[in-house]
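Peer 1: Sequence:
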Amino acid sequence: MNGFQKILAEHALELTRARTSTLQVNVGFLCNLACRHCHVEAGPGRTEIMDRGTMEQVIAFAKRSGFKVIDITGGAPELVPDIGYLLEQAAGLADTVMLRTNLVALMEKGREELLGLCRDRRITLVASFPSTNEGQADAQRGRGVWQKSVAMLKELNKLGYGRTGTGLDLFLVANPAGAFLPVDQCAAEKKFKTDLARKWNIDFTGLYTFANMPLGRFRAWLEQSGNLEAYMARLKGGFNPATISGLMCRSLVSVSWDGILYDCDFNLAAGLPCGGSPVHVSEAGKPEPGVPIMTDTWCFACTAGSGFT
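The sequence shown begins at 1 in the working numbering and counts up one residue at a time.
For the record, the hints were derived by calculation from the structure and aren't laboratory data. These numbers come from a predicted model, not from an experiment. In this text, a Cβ means the ideal position worked out from N, Cα and C, and glycines have one as well. Check before you lean on any hint, since a few could be wrong.
Have a look at the derived ranges for each label pair, beta carbon to beta carbon [as the list claims (entries may be wrong)]:
1) G84 x A139: 30 to 36 Å
2) R121 x T194: 27 to 33 Å
3) D120 x K6: 47 to 53 Å
4) G276 x A220: 23 to 29 Å
5) A60 x G84: 17 to 23 Å
6) D120 x A18: 29 to 35 Å
7) L93 x A233: 41 to 47 Å
8) H280 x G142: 31 to 37 Å
Simulated pairs of lysine to any residue, SDA-like, Cα-Cα distance not exceeding 25 Å [claimed, not checked]:
9) K148 x D120
10) K109 x M98
11) K154 x G167
12) K68 x A91
13) K191 x P176
14) K154 x D120
15) K148 x N201
16) K6 x G237
17) K236 x P176
18) K68 x G116
19) K63 x D82
20) K6 x T16
Taking the hints into account, I'd like the entire structure generated from these sequences.
Peer 2: Right, here's the structure in full:
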């Protein structure tokens, strides 16, 4: 029994599946950035990307299972050669299709067609934008990234994304720059909306704040900086039993770039598949309610404070 399971037992809690309504698809670890907080260690040198055949198997899984939300993530999904095909196919299979973006990947040559597809098919964009402060953002993501991100947000607003009445949703995601928990989400959203509107006339639909996961590149930084023990203690100390019922893993199944199923993208990063043994999407059915969810100590990041729901 790992430390997270012990805490659940102390509170007489279990972490099991509810009705699975979201299909998350991680199309690979290739990225044009190498952000310090990245739990999958995505970067320019990674070669793991989803091929067309696996995409077809993912689409077949979605058709036979039925999902309300299809959430496409990476890496930088925009850099995957057949991402347009996956988005086009997914758009007719769920009420909401989301594309996660680091914003600057949308500036890569040839991405104009992808932006048009997203607009025409009403794809929701979920963009990483850790801070309205240039220095803080660049320290996490790389020099010059913040200015490019602001430029892309302006471009997305021109297309209608984030503007009231267009039906084109643009959400921002902010992660802390260091070994501490995120600020209150409502307060952060208010500050982001005020700052971006006043300084750059940028609008967006909403903001999510999440704790950094002690996995991948962020865990390596915690170890190298001597912050791992204190950070884990902070996460454990912030455990909130009220978050368990609403955790995203209860209603989500994640498919990796090679087609293996996981309870969440964090278990994917750690190599911990659904049920503990690899099952390929071509052979899978939708996980049933009541099935136990695989856990480990990184799960404390999803249950600290307001939680990862």
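Peer 1: Each hint: holds or not?
Peer 2: A quick look at each hint next to the structure:
1. G84 x A139: 30 to 36 Å: holds (33 Å)
2. R121 x T194: 27 to 33 Å: Holds, since R121 and T194 (Cβ atoms, about 31 Å apart) stay within the stated range.
3. D120 x K6: 47 to 53 Å: holds (50 Å)
4. G276 x A220: 23 to 29 Å: holds (25 Å)
5. A60 x G84: 17 to 23 Å: holds (18 Å)
6. D120 x A18: 29 to 35 Å: With Cβ atoms ~33 Å apart, the hint holds.
7. L93 x A233: 41 to 47 Å: At 43 Å between Cβs, range holds.
8. H280 x G142: 31 to 37 Å: About 35 Å separates the Cβ atoms of H280 and G142, which means 31 to 37 Å holds.
9. K148 x D120: holds (24 Å)
10. K109 x M98: holds (22 Å)
11. K154 x G167: Holds, at roughly 17 Å.
12. K68 x A91: At roughly 11 Å apart (the allowed maximum being 25 Å), A91 and K68 satisfy the hint.
13. K191 x P176: Status holds; Cα separation ~15 Å.
14. K154 x D120: Within the cut-off at roughly 18 Å; holds.
15. K148 x N201: Status holds; Cα separation ~16 Å.
16. K6 x G237: holds (14 Å)
17. K236 x P176: holds (17 Å)
18. K68 x G116: This hinted pair holds, its Cα atoms lying about 23 Å apart.
19. K63 x D82: The given pair, whose Cα atoms are some 19 Å apart, holds under the 25 Å limit.
20. K6 x T16: Distance of about 15 Å is within 25 Å: holds.
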